[in-house]
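Line by line, the protein sequences are chains B and X.
Position one of the first sequence corresponds to residue 1 (UniProt numbering), numbered consecutively onward.
Position one of the second sequence corresponds to residue 1 (UniProt numbering), numbered consecutively onward.
Keep in mind the hints are simulated off the structure, nothing from the lab.
It is possible that some hints are incorrect.
Restricting the straight-line Cα-Cα distance to at most 30 Å, the calculated cross-link-like pairs of lysine-lysine (DSBU-like) are [unchecked claim]:
| no. | chain 1 | residue 1 | chain 2 | residue 2 |
| --- | --- | --- | --- | --- |
| 1 | B | LYS275 | X | LYS74 |
| 2 | B | LYS211 | X | LYS74 |
| 3 | B | LYS25 | B | LYS211 |
Residues from chain B that face chain X, not an exhaustive set, calculated with beta carbons under 8 Å [stated by the list, open to error]:
| no. | residue |
| --- | --- |
| 4 | ALA83 |
| 5 | LEU86 |
| 6 | PHE87 |
| 7 | ALA91 |
| 8 | ARG113 |
| 9 | PHE118 |
| 10 | LEU215 |
| 11 | LEU219 |
| 12 | ARG248 |
| 13 | LEU255 |
Since the model is a prediction, treat every value here as computed from it, not as a measurement.
We put the CB at the ideal spot given by N, CA and C, even for glycine.
In case you want the letters, here they are:
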Amino acid sequence: MFAYCTDPASLDGLAWLACYLTTGKHMAFYASFGTVMLLLAITAPTALLFGFGGAVAARARFLPLRMLGKTYIAIVRSVPDIAFFLFFVIALDQGLEYLRLLALCPDWDQPVRQGNDFVVCSAAKLPSNSAPQWVHEVYGFLLAMFTFAIVFGAFAANVLFGAMMAVPRAQIETAEAYGMTRAQTFRRILVPQMWVYALPGLSNLWMVLVKATPLLFLLGVEDIVYWARELGGSVTPRFSDYPHGDWRVWYFLALLVFYLLLTRVSEIVLERLMKRLTFGQATTGGMAA
Amino acid sequence: MSCVETIADYALRSIGFGERLLPREGYTLCQQFTLIGSGMIWNIYFGVLALCSGFVLAVALAVGKASANPLFRKPAEWVIFVFRGSPLFIQFFFAYLLFLSLKNSYPFFGAFTAAWAGALVVLFLNTAAYSGEIFYGALRSIPRGDMEAAEAYGITGWNKFRRITFPTMLRLAWPAYTNEAIFLFHATTLVFFSGFPAWQQRGDALYYANYFADKTFNPFVPYPILAFYFILLTLSVVGLFALASRRLNRHLPREARQKLRLRPNFLR
Numbered sequence: 001m002f003a004y005c006t007d008p009a010s011l012d013g014l015a016w017l018a019c020y021l022t023t024g025k026h027m028a029f030y031a032s033f034g035t036v037m038l039l040l041a042i043t044a045p046t047a048l049l050f051g052f053g054g055a056v057a058a059r060a061r062f063l064p065l066r067m068l069g070k071t072y073i074a075i076v077r078s079v080p081d082i083a084f085f086l087f088f089v090i091a092l093d094q095g096l097e098y099l100r101l102l103a104l105c106p107d108w109d110q111p112v113r114q115g116n117d118f119v120v121c122s123a124a125k126l127p128s129n130s131a132p133q134w135v136h137e138v139y140g141f142l143l144a145m146f147t148f149a150i151v152f153g154a155f156a157a158n159v160l161f162g163a164m165m166a167v168p169r170a171q172i173e174t175a176e177a178y179g180m181t182r183a184q185t186f187r188r189i190l191v192p193q194m195w196v197y198a199l200p201g202l203s204n205l206w207m208v209l210v211k212a213t214p215l216l217f218l219l220g221v222e223d224i225v226y227w228a229r230e231l232g233g234s235v236t237p238r239f240s241d242y243p244h245g246d247w248r249v250w251y252f253l254a255l256l257v258f259y260l261l262l263t264r265v266s267e268i269v270l271e272r273l274m275k276r277l278t279f280g281q282a283t284t285g286g287m288a289a
Numbered sequence: 001m002s003c004v005e006t007i008a009d010y011a012l013r014s015i016g017f018g019e020r021l022l023p024r025e026g027y028t029l030c031q032q033f034t035l036i037g038s039g040m041i042w043n044i045y046f047g048v049l050a051l052c053s054g055f056v057l058a059v060a061l062a063v064g065k066a067s068a069n070p071l072f073r074k075p076a077e078w079v080i081f082v083f084r085g086s087p088l089f090i091q092f093f094f095a096y097l098l099f100l101s102l103k104n105s106y107p108f109f110g111a112f113t114a115a116w117a118g119a120l121v122v123l124f125l126n127t128a129a130y131s132g133e134i135f136y137g138a139l140r141s142i143p144r145g146d147m148e149a150a151e152a153y154g155i156t157g158w159n160k161f162r163r164i165t166f167p168t169m170l171r172l173a174w175p176a177y178t179n180e181a182i183f184l185f186h187a188t189t190l191v192f193f194s195g196f197p198a199w200q201q202r203g204d205a206l207y208y209a210n211y212f213a214d215k216t217f218n219p220f221v222p223y224p225i226l227a228f229y230f231i232l233l234t235l236s237v238v239g240l241f242a243l244a245s246r247r248l249n250r251h252l253p254r255e256a257r258q259k260l261r262l263r264p265n266f267l268r
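Next comes chain X alone, as it looks inside the complex:
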């Protein structure tokens, strides 16, 4: 079987198109590259959707945590504490089992026992909590002078938030937020190793890499392939975020911009 045929059979295998059976023999380099790459579709799906939806909740959580009113502050603090304080792996397990038992009484939750919805909810809440904490830190480090200047110009309330507070917060938080985005994409590999079943063997990149490592008993081929894909993904995330960062900082003089250059921080 030529490599082109393999690609035609397996390139969309992870979302259910093409050959039904996974390769049983041979395990050529082409098969491994194609199938692991096919799994990346799920990693990108989870990462992009969780990041976009999580962003909205993260801003709300940050504003809530910075609020003087305990009615807003307390819930925001708790959500951030619970999701940052416990392992994502346990959250996945717990959420899956919770949805499973809810399904018995409310059939509505049936969809959430599948990875595409259930794991997405967990990742969404998780990244919202982490980003919320980052944004909260940025909110607190907005220069007081900026706010005073805004008020001196008569900009108050929603206008002040939209035109001064929010852009400045985003600008300050951006390097840390880039980091969070990278780790979110890494976290997506956990989905199919927790409770969520890979229905009809439709899994993510790590699921297929692990499949090949199990079958060939040779970890030195599939995992480097996975690493290759993830290095590409990380580089594109960093590139996209750098573009956004340039836009956020476009009003600053050049030397001040350089000071804000992304300083890689390796921890979540």
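For reference, chain B alone in the conformation it holds in the complex:
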């Protein structure tokens, strides 16, 4: 990075630290903060979409659909989310490969599960064996993202379901009195009004989502936890120009501070958003404003 970094052994103090913190691996570490932000930026809207679907399903008049929606919401309450993460990453992968097997290899006659192996034809492998490294990484990231969206979609479905129930009954009745159909009432009255009731729950959900991002590490993505472990572990002069002892505790302290800052900033932003949205609304917050 800097010109004087060519011979790290001769450096000490701040100059050494400046060189140490700008090595290629550290740059990858900083980039992985971007991975976390990217995950948040993609997962939040996707989960909201899943949640919307779940909430609508849970309110459906068609019984099997309603059961499906309610089960989807209820099951996350009882089972630890990390179990879902570990489950879905393999299950989605195998599911996709199985679907591709049905589509691409019609003359495949062996069972898919052979003892302790999951076997599909090579054309159905995802990503294919010849694909470059970055395809594997993107595929892993997408699987992780989808898993997050499924789990947090269920949380969001619960919040949105509650918000739909919270819209004053009189509003719906007025819409019906004007002769709107069920779909029209839903589109024009219910959905625009539910957001203010959903916001406290959704901000809580955002906080939970932020705090769930380190679990990416368990899903095999090279995220900040992976790099903190990698970089913090002690290195001998043989393997690195920057030998040091076990510094993992400092790296994890940095992650701790990063997350504290992230949640603090989110808190402030969400508080302002709430103030803005409740302004003039017939809720306790709006009345006070």
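With chain B's structure known, arrange chain X on it following the hints.
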């Protein structure tokens, strides 16, 4: 090997009794049920101990945060902020590494590098912070009339806290606290996936479920078994807390009691 033998071998495997080696082949349904159930011992151990010890600190934190004296308020606010504002996963990692480096200078901390003590400390502080915030919210929503009535009767100081403030706070916080208890039990599954090593493969339910999923490459058996155990656990937690809730609200007229019915809230 019959299922009874498997149960005899593996039912207490997670705490070090019975067969030393984990199953290497077959991976029958019976083996998976027994071993994952054996792991639940650790989830219950962490959950129950952290909940009981955390309760005491949580009340102290809530009273501290509501106190007018900044000497009490500031530390309580910071503890709550730090433990609620950062991921539990990172806290586990950080605590493990911290105990590891402290062990070098003070051998006393050796015990804390093992999960049974180290992870318990983290869970204890974590649940204390979350419950502390819940109790603080409840403290602030105690009806003013209740306090004024107490003072009118000449009940003040410690007596007022013990007989009016504390029971009312608990009553108001109970639905949210039930929720926190459920999430604490879920959080216990993270212990053996963070820094803390599972010594001699003595792990919790998720550790064994993950072991089977890795070995058989089939997630559709062990994880549903784990889900089954956790649904049972969640139902019993909800049941126990509902009993306590009935006792806390026994003085209220019936219709008021129904209004306080547990409204499931899915988020921590």
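Results of checking the hints against the structure:
1. B:LYS275 / X:LYS74: Distance of about 26 Å is within 30 Å: holds.
2. B:LYS211 / X:LYS74: This hinted pair holds, its Cα atoms lying about 24 Å apart.
3. B:LYS25 / B:LYS211: holds, 25 Å
4. ALA83: holds, 5 Å
5. LEU86: The hint holds - B:LEU86 has a Cβ within 8 Å of chain X, the shortest such distance being about 6 Å.
6. PHE87: Hint holds; B:PHE87 Cβ to chain X Cβ min 4 Å, cut 8 Å.
7. ALA91: Given a least distance of 5 Å, the restraint on B:ALA91 holds.
8. ARG113: With a closest approach of 7 Å, the B:ARG113 hint holds.
9. PHE118: holds, 5 Å
10. LEU215: At about 6 Å, which falls below the 8 Å cut-off, the nearest Cβ of chain X leaves the hint on B:LEU215 intact, so it holds.
11. LEU219: Hint violated; B:LEU219 Cβ to chain X Cβ min 11 Å, cut 8 Å.
12. ARG248: holds, 5 Å
13. LEU255: holds, 5 Å
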